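Just so you know, the protein sequences line up as chains A and B, in that order.
Note that our numbering numbers the first sequence so that position 529 is 529, with each residue one more than the last.
Note that our numbering numbers the second sequence so that position 391 is 391, with each residue one more than the last.
Among the hints, erroneous ones may be present.
[As the list claims (entries may be wrong)] Counterexamples of contact, computed for chain A against chain B with all Cβ distances above 10 Å:
| hint | residue |
| --- | --- |
| 1 | Arg87 |
| 2 | Asn234 |
| 3 | Arg264 |
| 4 | His487 |
| 5 | Tyr495 |
[Said to hold, decoys possible] Covered stretches of chain A (chain B as the covering partner; in silico rule of three or more C-beta atoms under 8 Å from a C-beta of chain B):
| hint | segment |
| --- | --- |
| 6 | 24-31 |
| 7 | 321-332 |
| 8 | 385-397 |
| 9 | 471-477 |
[Unchecked claim] Label pairs and their calculated CB-CB ranges:
| hint | chain 1 | residue 1 | chain 2 | residue 2 | range |
| --- | --- | --- | --- | --- | --- |
| 10 | A | Ser106 | B | Pro274 | 43 to 49 Å |
| 11 | B | Thr266 | A | Ser196 | 55 to 61 Å |
| 12 | A | Arg662 | B | Asp314 | 42 to 48 Å |
| 13 | A | Leu80 | B | Glu39 | 55 to 61 Å |
| 14 | A | Leu80 | B | Asp197 | 25 to 31 Å |
| 15 | B | Glu180 | A | Arg191 | 38 to 44 Å |
| 16 | B | Glu64 | A | Thr200 | 52 to 58 Å |
| 17 | A | Leu198 | B | Leu269 | 29 to 35 Å |
| 18 | B | Ser196 | A | Asn183 | 56 to 62 Å |
| 19 | A | Ser106 | B | Arg272 | 51 to 57 Å |
None of these hints come from the bench; they were simulated from the model.
Being a predicted model, the structure only gives us computed values, none of them experimental.
A virtual CB, placed ideally from N, CA and C, is assigned to each residue, including glycine.
Protein chains: 2
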Amino acid sequence: MRAATGGKATSIQQEIIYLLDRPAEPFFVPKGERGVVFEAPNREFLAERLRPMVAELGSRWGGEVKVPVSAVAALPDLSLPLQLPRRASFSLFIPLHRKIAARLVSIFLGTKTYEEFLSLSVYARDRLNPYLFVYALSVAILHHPDTRGLRLPALAEMFPGRYMHRGVISMARAQASILEQTNRMPINVPRDYTASDLDTEHRVAYFREDLGINLHHWHWHLVYPNVGDRKIVNKDRRGELFYYMHQQIIARYNFERLCNRLGRVTRLLNLREPIEEGYFPKLDSTVASRVWQPRHAGALLHNINREQDQLRFDLEDLERWRDRIIEAIHSGAVMDETGKRVPLSEGEGIDRLGNIVESSVLSVNRSLYGDLHNLGHVAIAYAHDPDARHLETFSVMGDPATAMRDPVFYRWHATIDDLFQMHKNALPAYTVAQLDYPGIKITKVDLVTEGRQNPNEFETFWQQRDLDLSRGLDFSPRGPVFARFSHLQHAPFTYKITAENSINKPVLGTVRIFLAPKYDERGLEMLFRDQKLLFIEMDKFQITLKSKPTANVIERASSSSSISIPFERTFQDLESPPPGMTESSFNYCGCGWPQNMLVPKGTSEGFPCQLFVMISNFNDDKVNQTPGPITKCPDAASFCGLRDKKYPDKRSMGYPFDRNPRNGVDTIYHFLTPNMLLMDVNIFFSGKTESPTP
Amino acid sequence: MRAATGGKATSIQQEIIYLLDRPAEPFFVPKGERGVVFEAPNREFLAERLRPMVAELGSRWGGEVKVPVSAVAALPDLSLPLQLPRRASFSLFIPLHRKIAARLVSIFLGTKTYEEFLSLSVYARDRLNPYLFVYALSVAILHHPDTRGLRLPALAEMFPGRYMHRGVISMARAQASILEQTNRMPINVPRDYTASDLDTEHRVAYFREDLGINLHHWHWHLVYPNVGDRKIVNKDRRGELFYYMHQQIIARYNFERLCNRLGRVTRLLNLREPIEEGYFPKLDSTVASRVWQPRHAGALLHNINREQDQLRFDLEDLERWRDRIIEAIHSGAVMDETGKRVPLSEGEGIDRLGNIVESSVLSVNRSLYGDLHNLGHVAIAYAHDPDARHLETFSVMGDPATAMRDPVFYRWHATIDDLFQMHKNALPAYTVAQLDYPGIKITKVDLVTEGRQNPNEFETFWQQRDLDLSRGLDFSPRGPVFARFSHLQHAPFTYKITAENSINKPVLGTVRIFLAPKYDERGLEMLFRDQKLLFIEMDKFQITLKSKPTANVIERASSSSSISIPFERTFQDLESPPPGMTESSFNYCGCGWPQNMLVPKGTSEGFPCQLFVMISNFNDDKVNQTPGPITKCPDAASFCGLRDKKYPDKRSMGYPFDRNPRNGVDTIYHFLTPNMLLMDVNIFFSGKTESPTP
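Using the sequences plus the hints, can you model the full thing?
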């Protein structure tokens, strides 16, 4: 492998990352603040349209760090990836695009060395659609043996237009153009820029439009692609994780809605009815020649027939697929492609169903069960131009990086989740034996929040944060330009759990912490069967319970939550690794619920909730992992799993709230066994706005 | 007056024009290719948000031509203009915006000297909304005694995003950023970028989206503002011109529709029905933080209640105003504000009605007849966000610079025109005496088209043209970047008219040339009362008819048409005056139908038309003009009038096709008197695309 020459040294393995920088600028324009330039081995590497320019550019642009790129023995066949025009939009929900992306990922992963991987990537970069390239290269970097330790830059940095009001982008461009770096000031992103409170749905826009939440969703789909090489797709319990991660999103969204005096989200069952909620994303595409189309209030869905996307299906197809899936659930088995009945069993049924509903290539029978969730996204995303007569592309619902901004995302996923709940509700209830941990008793739980006088109170507020946009300001001068935006945040807190062990020996347990609203929209306490859908996972971790003294006090900080990753990981900086984080395996950590959204917003007078803490028997939780490299960030495993390992909890995801309760249990109070504890807590929203930490 | 210093000399009166260059860049950033910098007399001139930056900028940017700006005795009160936020959209159709613009125009026109005008403009520029500033400064330059000879840059150059696919803008930005000027290549603008032929309305997109047509419409509204100082608004026969110019637009649009096998446009009578035609303009706003919202197919109109625009009216208001106007027409008189009946007379009735319908401040009774045409535009422009809950602004229908792109513009203006036709149809028919010119007879007309073998054939084709976008690429490096777009064009042609004068003395006449389709949608010849609405004015000019020999042969070139201005005037270059054009009075010439759209597209097999030529008695046409400066460009007077003069034709506009025919006249053939001639001609569309002339 040849080494980089000139300028400051850059770690050799990082060079490929710079291909993700300013994706619309050709590779021979210096990348990153250090000015990394890729030196093509011959003119064949240049896309044809760029050849007339390159002589000049080499001398015009310079660049401090030259990266030699090797010639490759055989140039790759890019004919399929080239079918996506360079300035088109790219969507993981469109089957043709998925196929194209899978091919490109395969080409990248087919390389034997880092050197070859880099060469192919340089060769492909300026020929292909930039969104496609960034997606496929990101997946490939995550999975290629020679690069999978690398950190990916956050998508918000590469394509800020997908995460920011487009006005912010144009202001950033103005600053970069006329101001020296020292004179630039952060550009304020107003919190309420997509709508006013005349739109009641806007009350939860802080959730839908949260940068971290949208980055999480994009990252999740990077880690869990649904097409391509089976060994990439077929991760442990991926179908079940599809169910669980999205179920938790709906639970959290409904939680926020109740905090904001909105009813739980309505399913989008009747595909023929106008969709009441309009949404105007106000995003920009800094690369493609398009705007993100809004959905006007009262939009109707249509049959889709778009030749250039090789996309044709009817609303009836979606209805048929859904009906067949429901029939399978009600009959307890699906039919595979050979006509064989495959039971939707208590253990694996949900995983199978997840792959069918999404659908992924793991679906047992795509002819029969179709492509419900993906094409539902597509039908909604093309409501404004179902037959492409207006040459328009999809709205935010067509892209995992932006879909969660739209209120209809939750209506569609509530519909999808409903299918999973049908299956779950058909399973036998957990028996007391499956819930209890004989000999273990939780006697007390305290919630201690920094800065609050009373116990058992969460506190939330607005937090400002600065994000550097310069990596996405293609064709603007370099140097940081910051956007200052606000997001929900909470005061750090600690759970203090006192548990008695009367087993007479130390035992292992899994602490499972959930939170749910105490009351429904009418102010009444809920039945268990309703409240279980609102319990959001807050944390899950393993402990050892000593037997002497019998009372164990377990302290656990909010920052350790198994669902979340710290903000710094969500918005990692490409060129300076966050403190305390080694580079390898950093990446997987990019997937995870953003720490700042761990606690729902609550209300200024205190939103009444119930905190549920359970210690389950580790013998029933334990997973036999095959030995492998120790992952450095198991923390966000609840939603994202563990790299190259099995999902670290043998129980059904969502346990113990994933099923209807045993006979006689009407409310959560009846549900409790001694190894559980339920406690009233309140979430107080203080209303203050904290300035960015310098 | 102080003189400009340094660098190449620039004509002193032109300096103010540079304030229109790159309207979002502050005034202290060099303007134009020569680098014109305005030097503020003190820091008060800087908008507050810019003060922290200015020390650096002075030294960073330099600039070759320094323009000293004088201090002003009293800073203007900008409180009203400042009510429009800097990054908001500005619409001449919104009453508050009209009021704000009128105030700003008054402030500019209140200055006594050029020096003071310049100072105030510099002071106001970076404080105000750039669209508002450009509009008001343009109107003021057109009307201020010290500047009205100046040429304005075409709006397409200042705000290319209003005229171009937004992808072109981003490609232009990329070129400006990474390529030296010599390596830049024109960016191709595809002809069919807003829709495909699946949308039947798209067949006439070349007309709706023609750059010249949209620039004409913007320029017309600059010359004829409908609010502000009465002496600016109250131009000769302005209400009638509003009727006629828009009537001719509808006639031309219907002509194009028939060429494309589309039926004549349907009026938008029922405001409660869904609007079938969707339109996705794909334009960009390079300045404001917004996108141009599309109208999705099937959109519904709503009552409008937008507090920040101080805009509240109901669809019922529009219906009431229309009903009252119709009642006035049917009763032959309107009621003024004192309750007095003012007849809609044969002569002035149409002018009065034009001011009522538009409406302008000249309306005799705005309380009663309201603001029909303007607020109709507004209702349609806000269909997607009638109460501003989504914080969105208007669609293309809300801006005269863009409204003509949208199919619904023609539906709305067909509705408006219908009112005028009701009035016209109620007037007495022209008698033979009002039509004939005794002693004058047209014996022969030949249409000779360059490059065609047969006479009486028009020829049309596609013409490519390059337009420099750099003036509108705020915050990008300087130097020309061209967009190459195609528009309809026709081969130059000449009318050869042979007319006999048997009066025995030379007489003056006005030649009036019109063109109409020969057949309707069903392939049948039309009744006069229908065909009259389709006759488009091609030319109108004064001649002398000698009596010896009695046969006069009149030759008239297409390039002399009284409705049109040459392409070069439509797309004038700010810094280099077009050849043969002196600077003074150039400006008025910016208003006019674009020469390239003089002849409808026709068909490849030849579209059958009827060419109508008439010579009217100049004694009945003559207008007594008050003496004044001779205007250098009377050519486009048919649609735009003459600067500081009366409309140069005493007849009702549209004569002789503006009324129903006399008894006994069913078809155009019965209508003819000896001073008229009707001839079959065909329009052949060749399908070729001509490259730009170098």
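Is the nearest CB of chain B more than 10 Å from the CB of arginine 87/A? At about 6 Å from chain B, arginine 87/A fails to clear the 10 Å cut-off, so the statement is violated.
Under 8 Å between beta-carbons, do enough residues of the segment 471-477 of chain A, three at least, approach chain B for the coverage claim to hold? This one holds; 3 residues, not fewer than the three required, reach chain B with a Cβ under 8 Å.
CB-CB spacing for glutamate 39/B and leucine 80/A relative to the 55 to 61 Å hint: 59 Å, holds
Does the Cβ-Cβ separation between serine 106/A and arginine 272/B fall within 51 to 57 Å? Given range 51 to 57 Å: holds, Cβ gap about 55 Å.
Between the beta carbons of threonine 266/B and serine 196/A, is the distance compatible with 55 to 61 Å? The hint (55 to 61 Å, Cβ to Cβ) is violated, given that threonine 266/B and serine 196/A are roughly 35 Å apart.
Taking 8 Å as the Cβ threshold, is the statement that the segment 24-31 of chain A is covered by chain B upheld or broken by the three-residue rule? holds (count 4)
Within 52 to 58 Å or not, the Cβ separation of glutamate 64/B and threonine 200/A? Roughly 56 Å apart at Cβ, these two residues keep to the hinted range, so it holds.
Distance restraint evaluation - leucine 80/A, aspartate 197/B, Cβ atoms, bounds 25 to 31 Å: 28 Å, holds
Has the hinted range 29 to 35 Å been met by the Cβ atoms of leucine 198/A and leucine 269/B? 30 Å, holds
Histidine 487/A and chain B, when compared Cβ to Cβ, separated by more than 10 Å: 19 Å, holds
Status of the given 38 to 44 Å range, CB of arginine 191/A versus CB of glutamate 180/B: 43 Å, holds
CB of serine 196/B to CB of asparagine 183/A, is that within 56 to 62 Å? At 47 Å between Cβs, range violated.
Comparing the model with each earlier hint shows violations of hints 1, 7, 11, 12 and 18; every other hint is respected.
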